[in-house]
Amino acid sequence: MRIMIVGNGAAGNQAAASLRKYDSQCEIVMVDRESYMAYSACALPDVLAGWIPLGKTFLQQESDYSGLNIRTCFGQEVNEINLENQYLETGEEKYYYDRLILATGSKPVIPPLPGSQLPGNFVVKSPADIEQILLHKPRKVVVVGAGNIGVETAAAMNNRGCTVYLMEMQDRIMPLLYDPKPAAIIRSMLEKEGIQISTSQRATRVIGEQQVEGLLTEEQTLTCDTVIWAAGVRQNTELAQKAGLKIGSLGGIEVDKYMQTSHRWVYACGDCVQTSQVFTGKPALSLLWSSAKSQAEAAALNCLGQAVKYEGSCSLVIEEITGVPCAAIGLNLQGLQDYEVKVIEHHDADRYYRLLTVDDRIAGFQCIGSIEGAGAIFNLIRKGTTLSEVRRMLLNPQLISSMAWYIDGAKYL
Amino acid sequence: MKDYPGKILEIDLSHRSISLKDIEAEMLKQYLGGIGFNARILYDQIPAGADPLGEDNVLAFAAGTLVGTPFPTASRTEASAKSPLSGQFGTSNSGAFFGLQMKTAGYDVILVKGQSSDPVYIAVEDDKIQILDAAFLWGRECWETVDILEQKHYGAEIALIGPAGENLVRFASIENGRYDGWGRSGLGAVMGSKKLKAITIKGSRGRKVHNHTDLLDASRKGQQLIKSASSYMAFTEYGTLNASITYGKNKAISAHNFTLGTLPNWKEIGGRQIVDKYGSRHVACQSCIIACGHWAEIKEGKYAGVKVKDLEITPVMSFGATVGLGTEAIIKASELCQRYGVDMVSAGGVLGFAIELFQKGILSQEEVGYELDFGDDEAAFKLLEQIVNRKGIGDLLAEGTKRAAEQIEQGERYAIHIKGMEIPMIDPRGRWSTWTLGMLTNIRGGDHLRCRNPVENLRYNDRDEDYMKERFGFKQSMYDRLDMPEEQKSKAINLENDTVDIPEMSKWAEDLINLFNSVGICIRPPVMEKVGPGIIAEAVRAYIGLDITPAELAQSSERAWNLIKLFNLREGEEADASKFPRRFYEEEIDGEKLDESKIQAVLERYYQVRGWDSQSGRPEAQTLRRLNLMWASSETRDSDEENCD
Amino acid sequence: MKRIVINPQACNGCGICQLVCSACKAGQWHPAFSRIKIKQMREYNINVPVVCQHCSQPPCETFCVMNLIYQEPLEGYVLRREERCIGCRACEIACPFSAAVFDPIKEAVVSCDLCGGNPACVSNCPEGALFYMDEEQTADSKRRQTSRLKLIPSSAAGLSRRASL
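Residue numbers (the numbering used here), protein chains in the order written: chain F, 88 to 500; chain H, 171 to 815; chain V, 88 to 252.
Be a bit skeptical, because a hint or two may be false.
Below 35 Å or equal to it, Euclidean Cα-Cα: the simulated DSBU-like pairs (lysine-lysine) are [stated by the list, open to error]:
#1 112(V) <-> 199(H)
#2 419(H) <-> 322(H)
#3 329(F) <-> 181(F)
#4 372(H) <-> 177(H)
#5 268(F) <-> 112(V)
#6 298(H) <-> 89(V)
#7 212(F) <-> 224(F)
#8 498(F) <-> 447(H)
#9 194(F) <-> 329(F)
#10 193(V) <-> 763(H)
#11 89(V) <-> 397(H)
#12 268(F) <-> 329(F)
#13 112(V) <-> 470(F)
#14 530(H) <-> 193(V)
#15 470(F) <-> 89(V)
#16 396(F) <-> 112(V)
#17 224(F) <-> 112(V)
#18 498(F) <-> 437(H)
#19 447(H) <-> 397(H)
#20 391(H) <-> 112(V)
#21 561(H) <-> 429(F)
#22 191(H) <-> 89(V)
#23 322(H) <-> 429(F)
#24 397(H) <-> 469(H)
#25 659(H) <-> 498(F)
#26 659(H) <-> 199(H)
#27 191(H) <-> 322(H)
#28 322(H) <-> 112(V)
#29 193(V) <-> 268(F)
#30 212(F) <-> 108(F)
#31 391(H) <-> 365(H)
#32 552(H) <-> 437(H)
#33 561(H) <-> 477(H)
#34 470(F) <-> 498(F)
#35 191(H) <-> 437(H)
#36 369(F) <-> 108(F)
#37 372(H) <-> 498(F)
#38 108(F) <-> 89(V)
To be clear, the hints were calculated from the coordinates, so they are not data collected in a lab.
Using the sequences and the hints, build the whole thing.
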């Protein structure tokens, strides 16, 4: 059986690895329009900061693929998928397949504002982006979008010695991950490092003659030589759409719990798909490295004929901001807006944390300053254990001895 | 030897200043660590005549040299200062996990000087040292304080005082977490006088080791040695309670303030079977392979719900024998002492003193407010609470038996102390041995923990006519395996006569224990029987790369012991303070009392063995020269002593 | 496959395993660098060592953004290419057994690699609380088999499996 994988990102590589792990015979072919070997997009801000060399972000070599008997066709763009006859067409070749796994990922959006195509406008997505940013020799940087990537990029450029201005459309930074209070704490940590931050700001145009010279918002004019757009991503679904596969309401390829698209021989996983949030059941995009890998493993196994469900993942985003570990797990108040949420909060000079519970079940956790014991909370969220159950367990010496890994979480409860 | 990574952390609470000093290689070689460092540093830093509860007293914590290694039982930290009880060198030793955090934070010694005007606590985390306001902790008992500080400083170990220390009760202890402590010498009052509620310490800096494989080897050898000790199996099972019944049979327990020698139902109250009834899991200190501590719970009855780590012989004797309480009351008493932050031995001694005074009509019902009787736990605990809070008669008793007796007519006869320190456990009239001579010669006063024959044989209780010998009672193999320099060994143990020479063995026992307290290992019998300077030198060399021989190790500890003696002499120690309470010479237990002149003769011979003047006990010039202590001698010399040069 | 199996009743909290592991693996004698950690609740006198369980569906592998965690082909031990680690610590939170440890000197997360077959902690434990034994031999492995449907880390990472295991 021949299985083709479109995409060399986290999902594509995991799909290939899982396929080979469970089936040593099947033919695996990977196609990607970039010629890069697999790299970790999550590590790219560390390169910008100067902490690791770009080479360290690459995860695979040629020999890794050939050693696993995976055929790679990198640097070839797929133009068309012919669902009925089961083949892909790139500029050069036609590839027939028995099963297809789409792992086309997403790409950062640069909004079509005047001046946003000038030299000096960048995104952070691939090694090429990093090389270009560094070649540009940025000194004054505006980062648009204060999500996880925006914040990491801003901190990285600041670490590099640039003057950094971080801008966010919503009324607080990292709105999808943190609640207002912890977001404010992180904001002041960043501001202490010299990063200027403003929220409720919308970019209107980029100004400059030959290259970026400034950015205009509804209220201000900012002088800069670099604009890095971290304002959201768009799913790469053109291929799927053209082929007639169903696209979901949020813009991702629609898949069922078995990662199957609207066509029974075609699966999809990673940034490009739309699934549902495990807690709320609502349609959601889960744009994390770990979700991509989990989905890819499910897709691969289903390809091989094993009916494996993907139940959804629990979001875990951790970063080190000015040397301080911060983690956001599960959902925040915004994500839980349809529910009645109880908040347990603690703030002192050394750390901050808040626990969000719904119906006595832990649904979210945010912490700044120390991640000790956060693992115990993460696993309690995944298992859906109620607080009362956990407290009862912690009071029972026999029980807690056989589940000692929860002890570190006790201090949050 | 490379630069030693451990530092001396000095915190001055009067000036709110913090400073760090290096530890020189010479200091390591001469004094090793633990009590050795304390002796050397405090000799310099505490001026003669300083008020123990005043600004000039300095409190020192020193982790032993081997703390931070897996050498078995390497967990111990020595705390020292000028004692409010004895007015001389006060010192105490505690295990658990405090020492490890000190070492990994980078500090071998922590010194606290001066006084704060307001309650503070010191928080140490690696190189972050803060003096923080402790008003919210002042007045709280110890377990509550530990709960709060553990939340604030997750993962830190805590040394703290309770209400007893805050109220300057002279025998207040410094607690080490919830269940351990530096009990004796009233160090808690010193900390209280500095308005220092607690020290929290957390370290995350490891220490490089000179030679990994050698250290692991030495540790493994140490483990095997200790496991092969004759007392090992009994000790892991029953801990320190093993000897309890034997002492009862010898009529050598401190029953009813040292008036009875034994109690009729002693076996039921304090025998080791109480571990089976109340004890559950074993508790170990850092790196310990014996785990002599027990987790105790009382499930029913008056004290149901008490949970504590204890079932040690110390509270069993202090409360079961001295005060005559039942087993469950003893366990409750342990909890109370841990919560109040007060020394169990002195607390028991003071209670026994007060009860006997009451029985003899010297203390009246008006003065106390209620009746006191041996065995009455409610009255005893009520009085203890008053003492800890210095309420009513408790205010006088909080001064310790010596000072309280000075204020009570005819009270002196019932104050069972030596140099101000209440005597624990063993009645020398029932059992005379190296251990009981040690109570007289101990540099910290009346106490049993600094002089113990490493091959003490509990099966025999013979006392020879001159008080000079005890029975050896073991085979030749025990003699051969004892790690003791041959010359001293042959003088101390006579195989032919099957005897141990008490003065000779006492000097070795004291030096050995002082060595253990310098390198930070534990003095439990299995360790004392098998571990000696040989294996310790191996471990020290492997850990810190210090080129030191077993003989030099033993000499270092002898040096520290002599220096402490000089400290005491400088503070005015009198030769005739080394006497038992009159009761032991004048009252009989089972027809036995001590012969004062014979004991004096033993003491004089001990001084000779030590190289001290046989009348005054002052170290002689040639001893000081041998030990490189001539620099200290001039301050303690009498003007009419001859110059020896 | 042999794993380190723990008898929590026997552990008395002496901490020798932590010192020995940190020494052998990190050259530092400190519990913070040890890959086996004793979890304590002192007020109940609970001391239990926790260490990497070498899961068959390791969540740490799923969450690693550098894909440096892998299962060794013969026995399936979970190993790390430590030099790749950028110290993001996501695996620390993902691990259900609190077994991923951050080494502050390497600035990388590490976990137990069984010392190549002769775990130092096991050979130095004085109380017999640690064993290096075959999975099949352990009593709780049977329990683990049947509970795999609910409790295995992979279900927590979002995959559920049919009973083929």
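Do the hints match the structure? See the list:
no. : hint              : result
1   : 112(V) <-> 199(H) : holds (30 Å)
2   : 419(H) <-> 322(H) : violated (49 Å)
3   : 329(F) <-> 181(F) : holds (17 Å)
4   : 372(H) <-> 177(H) : holds (15 Å)
5   : 268(F) <-> 112(V) : violated (40 Å)
6   : 298(H) <-> 89(V)  : violated (43 Å)
7   : 212(F) <-> 224(F) : holds (18 Å)
8   : 498(F) <-> 447(H) : holds (33 Å)
9   : 194(F) <-> 329(F) : holds (18 Å)
10  : 193(V) <-> 763(H) : violated (67 Å)
11  : 89(V) <-> 397(H)  : holds (29 Å)
12  : 268(F) <-> 329(F) : violated (44 Å)
13  : 112(V) <-> 470(F) : holds (33 Å)
14  : 530(H) <-> 193(V) : violated (70 Å)
15  : 470(F) <-> 89(V)  : holds (27 Å)
16  : 396(F) <-> 112(V) : violated (39 Å)
17  : 224(F) <-> 112(V) : violated (41 Å)
18  : 498(F) <-> 437(H) : violated (43 Å)
19  : 447(H) <-> 397(H) : holds (26 Å)
20  : 391(H) <-> 112(V) : holds (21 Å)
21  : 561(H) <-> 429(F) : violated (47 Å)
22  : 191(H) <-> 89(V)  : violated (49 Å)
23  : 322(H) <-> 429(F) : holds (24 Å)
24  : 397(H) <-> 469(H) : holds (33 Å)
25  : 659(H) <-> 498(F) : violated (55 Å)
26  : 659(H) <-> 199(H) : holds (24 Å)
27  : 191(H) <-> 322(H) : holds (28 Å)
28  : 322(H) <-> 112(V) : holds (31 Å)
29  : 193(V) <-> 268(F) : holds (33 Å)
30  : 212(F) <-> 108(F) : holds (29 Å)
31  : 391(H) <-> 365(H) : violated (44 Å)
32  : 552(H) <-> 437(H) : holds (27 Å)
33  : 561(H) <-> 477(H) : holds (28 Å)
34  : 470(F) <-> 498(F) : holds (19 Å)
35  : 191(H) <-> 437(H) : violated (52 Å)
36  : 369(F) <-> 108(F) : holds (32 Å)
37  : 372(H) <-> 498(F) : holds (17 Å)
38  : 108(F) <-> 89(V)  : holds (21 Å)
The structure is inconsistent with the numbered hints 2, 5, 6, 10, 12, 14, 16, 17, 18, 21, 22, 25, 31, 35, although it conforms to all the rest.
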